[in-house]
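There are 2 protein chains.
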Amino acid sequence: MSAPLILISNDDGIQAAGLRALCEAMLPLGEVVVMAPEVERSAAGHAITLSDPLRVNEVDLGLSGVTAYACSGTPADCVKLAVLSVLPRRPSLVVSGINHGSNTGINVIYSGTISAATEGTILGIPSAAFSVARWTNPEFGPAKAISYQVAQRILVQGLPEGTLLNVNIPDLPAEELPVGSLEGRGYALTVHGKADWQDRFDRRVDPQERVYYWLAGRKRERQEPPNTDEETLKAGKVSITPLHYDLTHHSYLTDLAKWDLFRTN
Amino acid sequence: MSAPLILISNDDGIQAAGLRALCEAMLPLGEVVVMAPEVERSAAGHAITLSDPLRVNEVDLGLSGVTAYACSGTPADCVKLAVLSVLPRRPSLVVSGINHGSNTGINVIYSGTISAATEGTILGIPSAAFSVARWTNPEFGPAKAISYQVAQRILVQGLPEGTLLNVNIPDLPAEELPVGSLEGRGYALTVHGKADWQDRFDRRVDPQERVYYWLAGRKRERQEPPNTDEETLKAGKVSITPLHYDLTHHSYLTDLAKWDLFRTN
Chain A
1100 MSAPLILISN
1110 DDGIQAAGLR
1120 ALCEAMLPLG
1130 EVVVMAPEVE
1140 RSAAGHAITL
1150 SDPLRVNEVD
1160 LGLSGVTAYA
1170 CSGTPADCVK
1180 LAVLSVLPRR
1190 PSLVVSGINH
1200 GSNTGINVIY
1210 SGTISAATEG
1220 TILGIPSAAF
1230 SVARWTNPEF
1240 GPAKAISYQV
1250 AQRILVQGLP
1260 EGTLLNVNIP
1270 DLPAEELPVG
1280 SLEGRGYALT
1290 VHGKADWQDR
1300 FDRRVDPQER
1310 VYYWLAGRKR
1320 ERQEPPNTDE
1330 ETLKAGKVSI
1340 TPLHYDLTHH
1350 SYLTDLAKWD
1360 LFRTN
Chain B
1100 MSAPLILISN
1110 DDGIQAAGLR
1120 ALCEAMLPLG
1130 EVVVMAPEVE
1140 RSAAGHAITL
1150 SDPLRVNEVD
1160 LGLSGVTAYA
1170 CSGTPADCVK
1180 LAVLSVLPRR
1190 PSLVVSGINH
1200 GSNTGINVIY
1210 SGTISAATEG
1220 TILGIPSAAF
1230 SVARWTNPEF
1240 GPAKAISYQV
1250 AQRILVQGLP
1260 EGTLLNVNIP
1270 DLPAEELPVG
1280 SLEGRGYALT
1290 VHGKADWQDR
1300 FDRRVDPQER
1310 VYYWLAGRKR
1320 ERQEPPNTDE
1330 ETLKAGKVSI
1340 TPLHYDLTHH
1350 SYLTDLAKWD
1360 LFRTN
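Just so you know, the sequences run in chain order A and B.
So the first sequence is residues 1100 to 1364, counted in the working numbering.
So the second sequence is residues 1100 to 1364, counted in the working numbering.
No incorrect hints appear here.
A pair counts as met if it fits within one copy or between any two copies, since identical chains are not told apart.
Straight-line distance between alpha carbons at most 30 Å, and here's what the computed DSS-like set of lysine-lysine pairs gives:
| no. | residue 1 | residue 2 |
| --- | --- | --- |
| 1 | Lys1333 | Lys1318 |
| 2 | Lys1318 | Lys1293 |
| 3 | Lys1293 | Lys1333 |
| 4 | Lys1357 | Lys1333 |
| 5 | Lys1293 | Lys1357 |
Everything labelled a hint here was simulated from the structure, so no lab data went into it.
Chain A with its partners taken away, still in its complex shape (with noise of 0.2 Å):
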């Protein structure tokens, strides 16, 4: 039996350190390709590029055992790329990450890093997306360590068709997370909360006297319910949420159907 192949991808791009920290936490697992988007890819939701070419590039990242593609489109589009038509076979995982900077309540739904492993989910894969909850010069040590272990799960698991795993590291040394805990001290299975953000644009003149707008803004302050993602970070646990992609709020079409949308009055 050859080893099993695992695709990994980002959206910080193929430079980025985090992407290097889960390609040498996947080896021991198996067989491991990396396709990453060129450049910086945050915030690239689902996108996938239909109106260009795509061109994809060998990247030689120094690390014995790996084979690199830099590619041209956004996360999403380098694994399903990878997997349609330039991988050998098949991968028995599609990992992302290792983001810098959590993944938790809304910013999942703008995340390049979550798409890349959604994407592996749409395609059939057992599909996960880890995240360090640091954005400047993250500590990769334990996040890797948490990656393995779950990545190492998945693998003998599997994982129900459509679902994947968000996993979230709270930026603390090794020695506080729960790598090897008996009691699973340390981490909790969580739901997706709304941790949002405080958002504003900056409006700004440019050498050429014309307006352009900057979105900035901040985490907005707020107390969730301590099974969510993010409060569960903030206690500084390692966060595992499973998604999927029914997005049909099935409670409210009871109230919907009321409505009698096209009754003439």
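Following the hints, complete the assembly by docking chain B onto the known chain A.
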């Protein structure tokens, strides 16, 4: 009391015929302002622009009573920027479309049309997306009447927090659609289905003899339950799906707990 302010966006771009149709449909309901991508942004997913400035230019659509802006960003950027920085007051409704082509099943994940309405929802404003099931030269007359009725009802009834309506209209003559029908014949409240694509990439060589890839593929033929968005549309009915953004796979949390993820073996 001033007329409700209605914000319109889309992903086909400021020049799309479907955008104009939606403007015409909304004008009897309130004050209409358009903020739409300056170029087509189909399959933009829920991308937002973080690393580049956004530009906005007023455009004359030649529609009396409509103020329109073209924006350099994605559909989600358009709605966020309009609401937070450009509109004179908070809109009562965000509508997106009318999209040239349906947005059912997996397309909902990729769709820029949906993402504009999603952004409205994230900002706490009742929102809906409208699509007509024909890519080339759709007839928008019936879709306009449907959009008007749905929007009018949302303005009266509101929508629950975090919930948007995804409305897909079959490409049929007006007399076969449910407008004004007492019985509600011709439309159905539906669930988000799994209709997807048989994707593949064309591998081509450019005039400089460099390889590129172009996403191709066609809708997969599959039968789904009749209460899904796609099957409803195929049956010639208007499909109305309430969508929300709790992506948690709630029922799977119990199974996942049994993994005992970080036990030492």
